[in-house]
Amino acid sequence: MKRGHRRIETQLAVIGTGIAGFAASIFALKRGLDVAQFGHSGAMAYTTGYLDLLGVHGQRIRQDPWAALDELRRDEPQHPMSKLSNPTIRTAFDGFTDALCDMGIGYTKAGEQNLSGLLPNGVAKPTLSVPKTMLPGIAAREAGARTLVLDFDGLQGFSAKAFEVNFAERWPALKSARLTFPDMENRQVFPEVLARSLENRATQEALAGLIRPLLNGAEYVGVPAILGMHAPDEIRARMEHAIGATLFEIPTIPPAVPGIRLRECFERAFPDMGVKLEPQLKVSNVEFGRSGATLFLHGPMEDLEIEASAVLLATGRFLSGGLKSDQHRLSEPLLDLPILQPDGRQEWFRHEYLDPRGHPINRLGIEVDSAFRPVMPDGDPVNERLFAAGAILAHQDWVRQRSGAGLAIATAYAATEAAAAMLA
Amino acid sequence: MSAHPRGDTLDFLKVAKDLLPAGASYDACVGCGICASGCPASGLHGMDPRRFINMAMLGMNKELSTTPWVWACTQCKRCAYLCPMGIDVSQLVGAARGAWATEDKPSGIVRSCAAQRLDESTSAMGIMSEDFVEIVEETLEEIQENQPRFADLKVPIDKKGAKFVINQNSREPAVEPEEMAPLWKILDYVGADWTYSSKGWAAENFCMFTGDLDAWKEMVETRVDAINALECETWINTECGHSFFTLWQGIEKFGLEANFEAESLVTYYAQWIREGRLPVNSDWNTNNLKFTVQDPCQLVRKSIGDKAADDLRFVVKTLVGEENFIDMQPCRSANYCCGGGGGFLQAGMSKERRAYGKRKFDQIIATEADYVLTPCHNCHSQIDDVGEYFGGAYTVTHLWTLICLSLGILGPDERKYLGPDLADINLPDEE
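Those sequence lines, one after another, are chains A and B.
If you're matching positions, the first sequence starts at 1 in the UniProt record's numbering and goes up one per residue.
If you're matching positions, the second sequence starts at 1 in the UniProt record's numbering and goes up one per residue.
Simulated from the structure, these hints should not be mistaken for laboratory data.
Owing to the predicted nature of the structure, the values given are computational and were not obtained by experimental measurement.
Every residue, glycine too, gets a C-beta built ideally from N, C-alpha and C.
Check before you lean on any hint, since a few could be wrong.
To spell it out: a stretch of chain A is covered by chain B in this simulated footprint if at least three of its residues, at any positions, have a beta carbon under 8 Å from a beta carbon of chain B; those stretches are [said to hold, decoys possible]: (1) 34 to 46; (2) 161 to 169; (3) 254 to 267.
Bound-form chain A, shown alone:
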């Protein structure tokens, strides 16, 4: 018995299945490129569903991310987003949220100001675009509206009571209650399980029936993010109608529904859109030749060889395997790209864990030129056909800067544009 062997030819091979990878595929399609994407799982299931652009700069929370970007360019010229203009970043962001809306997950269009997205523990964070299922919660909080927040027996990752208590002073008209979810008695459940169950009309009706008697004049009802997996806006509208109050979702801690939604949305839509997607396989090796690269992947029963004219690396950081570290140094395991780094690990961290300046290790990564090509220490591109985007890039601290999605989307756009120009 021989192992199977499959050969795929493509113009652009995207490596990585996080937001940067999926965004790159979307932008490449729009450019009319033939695109194939590879990766395994990744970190997308951990997102709240919010798309941040830049929420914190200069250790301050920012309402205006565009003005903050102007400051970022001045203060951190090496930051990957500093290489891009505001109009370019906006085009990228809009391109991504429009694509999500087209694929069936409604997102708000990027505005001039950050929104105050609600978090499960009863605080808010600055973010630029939110799932439409979550938008009414922001309005409810701003208006201090009479609101009922619910959780469920056995549910992991969200407490309505904690949400209520933490918001109590600023939002006195907020009340909480706990329900037993239909057919989920006496068991611990993850939000994902409830969301799958709410795909079902009978469950939607049963849950709406349980909520109605609890309203007591509430104009808004908040639930953890469980309103279905594949058509959340429809389910929200249907249940809102059945309940008779404005319904909204609140993100939960990982593993949370909004991230799983995004992942499954891409997996569902991409094959029809023409992306050759292998979301289960990691690229094990890449070899560059004169006219492109060959990628090697190994499935359970077959080996894949991808002939690509250009490669876009969006493999993320440590969690998704884009970067590795041992006791002494950081490395990029797939292509062994150079990483500018201090001599020893004593320079990786500051003394205080919560130092507001963040830890140097978080800003280590791949250095790129203005065309988002990884570069050698002398500044020359590693290969004319290799591009990189997302969290793997150096000189950013996306967690602390509240800029994860913005970084991923903007650099994916720029890298894809550069790849398209090279291929033209």
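Let chain A serve as the given structure and place chain B on it in line with the hints.
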């Protein structure tokens, strides 16, 4: 099932080290819980995949060696599919199963494996080789006599050098031999050069599910020897999932020599349709009945990947009409196991099995489909059972039934898996 006092206590961290490929490690678990969130067996017997890994890290070997949860995990590998670290709990579960004392393992699985070892037929329902040959011949004679169009139908057995050798799930010869006919008719229709093997013909392998590696190996060896001896180019696995996985994976795992390629019947259905040799269409579906399809884990996620899911959808859409096909979500490689795999159906744990299957039931109901098509016998039985138990109005059927229905060659006796709405549609002409 309850925790058992006998059997071996495994050192799970050591087992993990031995099983894992270089570079992977169980201590890479960041505890995110995406595995547990996406696993239908989570919560059964107070266990879930994340807890299993955490307990292994903590050295809770006694608890892991005795928890009956290992029989509720169907080893579907959805956890490994989701885990950013690629941690595969199913392999630890397999090792844990193997460490149970035989008398404490679910007797249904143990009995089925024992039946397979009785005779070279390898049938879990205990059908001996000569009985299989006799049942096939009798069934064939009946078709030849009663269905004029198939008066010359051939069902070769042990035909050396045929292009294809095809296996056969035991359920049909054992309890519903008329259900073998649709596949024979399809093979006849496309003019396939095929044969059954009288030895190692059975498409089930409960020995793998017992966790007994020696028994699994013995099963695969018997089958590989039988197939090698026939010198056929390709072994085609019938509409079944796990018998495909156990064979190719067994060949790799145990380092056996196989002089044939392993393929799924679904791949050939798709190929024959594309080549015009199987001219099926959806003209019969005048009422626009809606269909969904179950991706068997063993065939898609664990073996061929999304290529098999693509072929499956191509076949089904051609058969029922693109507009009448509704995918379950999630699907393809991300699909949920139905709860019929891993020997769960035979484990005597119906309460847990149905709790597991509730997620599949919800998924099906959300499609609002009238029919569920599944190219796997265990999926077929489980989806049928949970449908009845939870009150679903759908019907579960095989692909071969629908293919023959579309071709107008599905006899009245071959329609037990169709609802009354299709009982009289496209009946063959009486001659």
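Hints, verified against the model:
no. : hint       : result
1   : 34 to 46   : holds (count 6)
2   : 161 to 169 : violated (count 0)
3   : 254 to 267 : holds (count 5)
In this structure, only the earlier hint numbered 2 is contradicted, and the remaining ones agree with it.
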